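Line order of the protein sequences matches chains S and A.
202 is the number that my numbering gives the last residue of the first sequence; the numbers go up by one with no jumps.
202 is the number that my numbering gives the last residue of the second sequence; the numbers go up by one with no jumps.
If you're looking for bench data, these hints aren't it; they were derived computationally from the structure.
Be a bit skeptical, because a hint or two may be false.
Identical copies look the same in the list; a pair holds intra-copy or inter-copy alike.
[Unchecked claim] Listed next, the in silico SDA-like pairs over lysine to any residue satisfying Cα-Cα at most 25 angstroms (straight line):
| no. | residue 1 | residue 2 |
| --- | --- | --- |
| 1 | Lys8 | Val22 |
| 2 | Lys183 | Asn124 |
| 3 | Lys8 | Asn104 |
| 4 | Lys25 | Ala61 |
| 5 | Lys183 | Arg143 |
| 6 | Lys25 | Leu114 |
| 7 | Lys132 | His99 |
| 8 | Lys39 | His95 |
| 9 | Lys183 | Val122 |
Just so it is clear, the structure is predicted and the values come from calculations on it, not from any experiment.
Number of protein chains: 2
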Amino acid sequence: MAGKVQKKRDDLRAKLIDFAEVRIKSGGIADIRARDLAKEAGCAVGAIYNVFGDMNDLIMAVNARTFKRVGTQVSAAVEAQPPGHPVHTMIAMSHAYLHFARDNTPAWRTLFDLEVSTEGAVPNWYLEELQKLFTLIADPLRRIFPDMPAEDVELMTRGLFSAVHGIVLLGLEKRISAVPADKLEHMITLVFSHLTSTPSEK
Amino acid sequence: MAGKVQKKRDDLRAKLIDFAEVRIKSGGIADIRARDLAKEAGCAVGAIYNVFGDMNDLIMAVNARTFKRVGTQVSAAVEAQPPGHPVHTMIAMSHAYLHFARDNTPAWRTLFDLEVSTEGAVPNWYLEELQKLFTLIADPLRRIFPDMPAEDVELMTRGLFSAVHGIVLLGLEKRISAVPADKLEHMITLVFSHLTSTPSEK
Chain S
1 MAGKVQKKRD DLRAKLIDFA EVRIKSGGIA DIRARDLAKE AGCAVGAIYN VFGDMNDLIM
61 AVNARTFKRV GTQVSAAVEA QPPGHPVHTM IAMSHAYLHF ARDNTPAWRT LFDLEVSTEG
121 AVPNWYLEEL QKLFTLIADP LRRIFPDMPA EDVELMTRGL FSAVHGIVLL GLEKRISAVP
181 ADKLEHMITL VFSHLTSTPS EK
Chain A
1 MAGKVQKKRD DLRAKLIDFA EVRIKSGGIA DIRARDLAKE AGCAVGAIYN VFGDMNDLIM
61 AVNARTFKRV GTQVSAAVEA QPPGHPVHTM IAMSHAYLHF ARDNTPAWRT LFDLEVSTEG
121 AVPNWYLEEL QKLFTLIADP LRRIFPDMPA EDVELMTRGL FSAVHGIVLL GLEKRISAVP
181 ADKLEHMITL VFSHLTSTPS EK
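Given only the sequences and the hints, what does the whole structure look like? Please build it.
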């Protein structure tokens, strides 16, 4: 009996994530309304809150899927590169991130639109998904900077992710950095192709 | 007579920008409501729209002041650096940008929160203010990369601004890149200290 209730609950959960994902893919976070989702899933609004603590939890579940898709695309770019050229690998990964953001803008924006009030509130499975992405960056970075202390590699991994994110964000928003979309790839290449293991003398 | 009307209009304009600036400094774009500003300025709501096309125009006027303050702080950081060390200058500028964003978060966020629908809608004086900031970056960049074509210097200027913006944005939001605030300076230093004029062999 308890198993049956649990199965019903799991089914509703999966269904709600599916519906929310479709909406987030097309319109982003603004398209997520409990009333609409309840209608679509054929349940009461209250039933949603039995399955998810709040709408943020539901959006987080969709974001986890989006992060997985980012990871898959970035991994594929890494694998398509010949080994032994970590700078090229970093550039290819950054381009893959740009292409993902360009082709999946509403879902990608939702990764960053969600209010995350405190670090403690972020679920572990979310941080694990993120960690996988950082590992993809840290690997070539360690090969570019073989003598860099582990702590600095970790910091630079997050720094470079944030840097590429900034280029993609301002670039796609055609905002401050107002650069034609076809120049964004070259912009990323320029920044990365001058990263070298020798600290600059200047 | 016309002069008197114009003066009254100019006074109201200046007063509204002052009031809006106080609100944006404390609470960002969410604190800007026409009704509240009208009350504060002792005018009708309609009078605001006689002076500014819409609330976005008013926020743009405040953003222009904020950009000027960013520029002043970044310029001061450049001037405090000994000449002949363009990489150090770039790092000092980036740190100054981080400090500005950290100490003026609501106003800084408002620079990017405003919807800018098309490039054509951005007023010239706004783009000029932005151009001044880019010039500050392009100068040391040209000294680091003396042989880089002018077009690439321009692209890299915007790329590096976006990169630093990304680091500051994700860093201050304690979001994806979740790095302790006191490590953000070091993160920026790490990224920039490995920028060299020799393209990486890796």
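Do the hints match the structure? See the list:
1. Lys8 - Val22: Within. Shortest intra-copy distance 21 angstroms satisfies the 25 angstroms Cα cut-off; inter-copy 53 angstroms does not.
2. Lys183 - Asn124: between (37 angstroms within a copy, 23 angstroms between copies)
3. Lys8 - Asn104: This pair counts as neither: shortest intra-copy Cα distance 31 angstroms, inter-copy 49 angstroms.
4. Lys25 - Ala61: within (13 angstroms within a copy, 34 angstroms between copies)
5. Lys183 - Arg143: Answer is between; shortest inter-copy Cα gap is 23 angstroms, intra-copy 28 angstroms.
6. Lys25 - Leu114: both (14 angstroms within a copy, 23 angstroms between copies)
7. Lys132 - His99: within (19 angstroms within a copy, 30 angstroms between copies)
8. Lys39 - His95: Neither. Shortest intra-copy (39 angstroms) and inter-copy (50 angstroms) distances fail the 25 angstroms Cα cut-off.
9. Lys183 - Val122: For lysine 183 and valine 122, only the inter-copy Cα distance (21 angstroms) is at most 25 angstroms; the intra-copy one is 35 angstroms.
Hints 3, 8, counting from the list given before, are not met by this structure.
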